[in-house]
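Peer 1: Keeping the supplied structure of chain A fixed, place chain B upon it in accordance with the hints.
One-letter residues, chain by chain:
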Amino acid sequence: MVDQKVKLFDYTAYSLPAEGSAGLTGSWRAKRPIIIEVKCTKCNLCWLYCPEGTIIRKKGEVPQIDLTYCKGCGVCANECPSKAIVMEDETKWLNK
Amino acid sequence: MVEQVEVLTGNAAAAYGVKLSRAQVIAAYPITPQTTLVERIAEFIAKGELKAEYIKVESEHSALAACIGASLGGARAFTATSAQGLLLMQEMLFWAGYGRTPVVMAVVTRAIAPPWNMWSEHTDALAQRDTGWIQIFCHNNQEVLDTIIQAYKISEDKRVMLPVMVCFDGFEISHTAENVLVPEQSDVDSFLPPYNNDLIDVEKPKLLWNGVYPEDAFKFRFIFYEAAQRSLSVVEEVHYDFYSRFGRRYGAIEIYGECEPKVFLVAMGSVASSAKAAVDVLNREGYPVGLIRIRLFRPFPTFELQRAVEGAEALVILDRSLSFTRGILSTEVAGALYNAKWRPKIFEYIVGLGGAVVSHKSLVEAVKHLLARVDEKPKGVVWLKSEG
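Each protein sequence line maps, in turn, to chains A and B. Numbering (this note's numbering) for the first sequence: 0 to 95. Numbering (this note's numbering) for the second sequence: -10 to 377.
Isolated chain A, as found in the complex:
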């Protein structure tokens, strides 16, 4: 809902799909997902399950999480078959 993303049509309101169309949702996060690279099998299930599309996958590499938009819901950690994602308290990064 960033202002420029809401198109003021001549008579009614709509928004177009765009990255961050709901604002910087990363600030909502209470828990931060951390990928333990040695455990990751690069199966990309986390990428598939992320409801917000904030996991970036690259061929042959460990996926990355876009913390600008990740809301910290924990779905990826719950679904990871090799328990390679852990949710850590966001307060750890508060003063860093």
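Derived by calculation from the structure, the hints in this document are not laboratory data. Since we're looking at a predicted model, the values are computed, not measured. Watch out, some of these pointers could steer you wrong.
What the hints assert, rightly or not - Pairs of lysine-lysine, DSSO-like flavour, derived with a Cα cap of 30 Å:
{"no.": "1", "chain 1": "A", "residue 1": "Lys82", "chain 2": "A", "residue 2": "Lys38"}
{"no.": "2", "chain 1": "B", "residue 1": "Lys193", "chain 2": "A", "residue 2": "Lys70"}
{"no.": "3", "chain 1": "A", "residue 1": "Lys70", "chain 2": "B", "residue 2": "Lys330"}
{"no.": "4", "chain 1": "A", "residue 1": "Lys57", "chain 2": "B", "residue 2": "Lys193"}
{"no.": "5", "chain 1": "B", "residue 1": "Lys265", "chain 2": "B", "residue 2": "Lys330"}
{"no.": "6", "chain 1": "A", "residue 1": "Lys57", "chain 2": "B", "residue 2": "Lys195"}
{"no.": "7", "chain 1": "B", "residue 1": "Lys251", "chain 2": "B", "residue 2": "Lys350"}
{"no.": "8", "chain 1": "B", "residue 1": "Lys193", "chain 2": "B", "residue 2": "Lys251"}
{"no.": "9", "chain 1": "B", "residue 1": "Lys368", "chain 2": "B", "residue 2": "Lys334"}
{"no.": "10", "chain 1": "B", "residue 1": "Lys193", "chain 2": "B", "residue 2": "Lys265"}
{"no.": "11", "chain 1": "B", "residue 1": "Lys350", "chain 2": "B", "residue 2": "Lys330"}
{"no.": "12", "chain 1": "B", "residue 1": "Lys366", "chain 2": "B", "residue 2": "Lys334"}
Peer 2: Chain B in isolation, oriented as in the chain A frame:
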């Protein structure tokens, strides 16, 4: 131009209006007294006389939701309902109104329960006056047919893009047969061009009516308000265009009987028909009485009304609706005249609630009674009883 004379009930006249407007999607749920209207449309479709999709829905809420979707997708949509059905629709009424969706709906007015009652009262339609719909009240079957056709033209005008309710009284109009002139399809086609709406494009997906922050919401309300204001002159334009093609003149208000009388009756719908008969009798006997029939209730024709009442000593408002302690039409008329240069006295009468008969005889008596006391201060709301 050739017109066919048919004997039609108000509901059948509305169905003919829908057919001549070439509506493409009809979604409706039956409720007395609207039922025979949508039955007639179903018959037109079954016989192949109207090429439209008839969606059978599980409720009035869904009926209007289907019409909104159809209209956004570029199809001309129609629905009809009454009383309880209209109330069940209410959430969708706002989506259509503030969403700027051109849908036309016939509201066959009926009293809202309790007590359970199927006869006419305007409270159901008038209770929806703030939902962002244009509201037109008809007083005979010819007007019903003509208004449905006009409603599409008003509604789909790019300066307006607002839904329209065509309201007429249950039974007194909906189930009463009259001679109705049915225009030729080709004449209606040249008056009413096909509808299109390019808002939805499957190649470019979008989220319609998304969440917005207060500043944007305020902006959209203002855009709506401007369209609502513009609609008043578009209605006038469409009335004139219709008159020049079909020869039947309609206005936001209609003045009947004496033009500069001492007292004006003010009424809507079939009550206005009784009032016309009463004015005829009173004028014949030499009483200085006229009638102002409010045809357009939303947007309310404030300026026209202010001009029409100039010189009149009093208004007798015949209200077939009730908002707690006062009639809804009375509130509206009083509000419209507050800032006027000429402010006649307002005598408020509640008539015909729940389908109670409003005979022209009772109106004649009431007006004669009032004329003798027109110099006195109005004493509040009067309930006018009519004997059959």
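Peer 1: All hints, please: hold or fail.
Peer 2: Evaluation of the provided hints:
no.	hint	verdict
1	A:Lys82 <-> A:Lys38	holds (7 Å)
2	B:Lys193 <-> A:Lys70	holds (27 Å)
3	A:Lys70 <-> B:Lys330	violated (61 Å)
4	A:Lys57 <-> B:Lys193	holds (27 Å)
5	B:Lys265 <-> B:Lys330	holds (27 Å)
6	A:Lys57 <-> B:Lys195	holds (28 Å)
7	B:Lys251 <-> B:Lys350	holds (20 Å)
8	B:Lys193 <-> B:Lys251	violated (62 Å)
9	B:Lys368 <-> B:Lys334	holds (11 Å)
10	B:Lys193 <-> B:Lys265	violated (55 Å)
11	B:Lys350 <-> B:Lys330	violated (34 Å)
12	B:Lys366 <-> B:Lys334	holds (8 Å)
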